[in-house]
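J.: Taken in sequence, the protein lines are chains E and A.
Start counting the first sequence at 1; every next residue gets the next number (our numbering).
Start counting the second sequence at 1001; every next residue gets the next number (our numbering).
Calculated from the structure, these hints are not laboratory results.
Predicted model, so just to flag it, every value in this text is computed and none were measured.
The reader is advised that the hints may include incorrect statements.
[As the list claims (entries may be wrong)] Calculated from the model, a selection of chain A residues having no Cβ within reach of chain E, i.e. all distances over 12 Å:
id : residue
1  : D1030
2  : T1036
3  : T1085
4  : M1086
5  : A1114
6  : R1131
[Stated by the list, open to error] Computed list of lysine-lysine pairs in DSS-like fashion (alpha-carbon distance at most 30 Å, straight line):
id : chain 1 : residue 1 : chain 2 : residue 2
7  : A       : K1110     : E       : K169
8  : E       : K41       : A       : K1072
9  : A       : K1113     : E       : K169
10 : A       : K1101     : E       : K160
11 : A       : K1072     : E       : K108
12 : E       : K41       : A       : K1101
13 : A       : K1140     : E       : K172
Cβ atoms here follow ideal geometry from the backbone N, Cα and C, with glycine treated the same way.
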Amino acid sequence: MSSHNKIDLDIYQFILETVTSSNSLDAMSNQLIQMLIGSMKVKGATLFVLNAIEGELEIVTTQGLSSDYVNKGPILVDKSIEIPSNRETVIIPDTHVSDQLQYPDKAKQEGIRSIVSLPINVKGKTIGALRLYHSEVWTITPLEKSLLESLALNLGMALKYFRLVTTVKAIKETLADVHPVWL
Amino acid sequence: MINKNILIPLSLTLNDEKSLKFIIDRFAMDTAVVLTLLHAYTPVLEIDVRNNPIMEKMNQNLSYQRGLLNDKEESLHRTKARLLTMGFNKAQVHCVFIPIKIDVAQEIVKFAKAAGTDLIVLSQTPSRVMRFFTPSVSKKVAGSIGKGVEVFILT
Chain E
1 MSSHNKIDLD IYQFILETVT SSNSLDAMSN QLIQMLIGSM KVKGATLFVL NAIEGELEIV
61 TTQGLSSDYV NKGPILVDKS IEIPSNRETV IIPDTHVSDQ LQYPDKAKQE GIRSIVSLPI
121 NVKGKTIGAL RLYHSEVWTI TPLEKSLLES LALNLGMALK YFRLVTTVKA IKETLADVHP
181 VWL
Chain A
1001 MINKNILIPL SLTLNDEKSL KFIIDRFAMD TAVVLTLLHA YTPVLEIDVR NNPIMEKMNQ
1061 NLSYQRGLLN DKEESLHRTK ARLLTMGFNK AQVHCVFIPI KIDVAQEIVK FAKAAGTDLI
1121 VLSQTPSRVM RFFTPSVSKK VAGSIGKGVE VFILT
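I would like the entire structure built from these sequences, with the hints used as guidance.
T.: See the structure below:
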């Protein structure tokens, strides 16, 4: 295995075990982001879910970025899911020579030099995104890209699972409130 | 003078503005209130690196993550400093920075009960989609805090 890869099969498997064994979205997303940052030695990472009504991405978890930067605005050109950059893998190896950033000066201040954006898809529909930010120029290798895209696919299934679990719990709570009244 | 203990959980995002504005508008210059700004953070993973090169590699960078927590704590203290310029005095405003052990809502409730909180002020996140993936913190707090504690949820 090349030592130039930030992620390899061992790390991928380890992260996947965490994703598939978590009991809550909060725990899973926090651990996932920490592990990605820790194992790949990147500056930061953010997990988004899609707000299908507004057509925008909303932050689930973000780490490694300052509060000021996160609250300033979108990281890539637009939060809107309509634009291709949010529907396919986008690699910005060097932000200093890219025109895809809405806030290039902010990225520079934050120390972000490269960005990898991966869509999270389920059955062909984009439901979120995973973004990695690095403080150095990063020419992603084919292996890194494949593993990260595979991870994103698994994140799609995990998000769908948590969506269903939350719905079932809400229904259960509603029934628990209503049921005693009629008995 | 009976002090009213007010707990203000903060997420350290723009959403906190609602809580802070409410507190300032309602209680500034009121010397009978004591404010506690609370942020529950996700602790950095503790990794057992014994004979495991993957874990060792991960642990090295997690030290950097631990350092980033200082940024969040400073953000909390900056919020306190802002309240001090808005009519509160030093003795009235306290900061609490605690790790999440179970989930955010439970940490808030646990702290509120232990601290004898009279009022909890929460900003409801405007996110329309996250509520489908994870239960609302404000709803969980309001549902489990019990009697004797008021909960204001700002929308």
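J.: Against which earlier hints does the structure fall short, listed by number upward?
T.: 6
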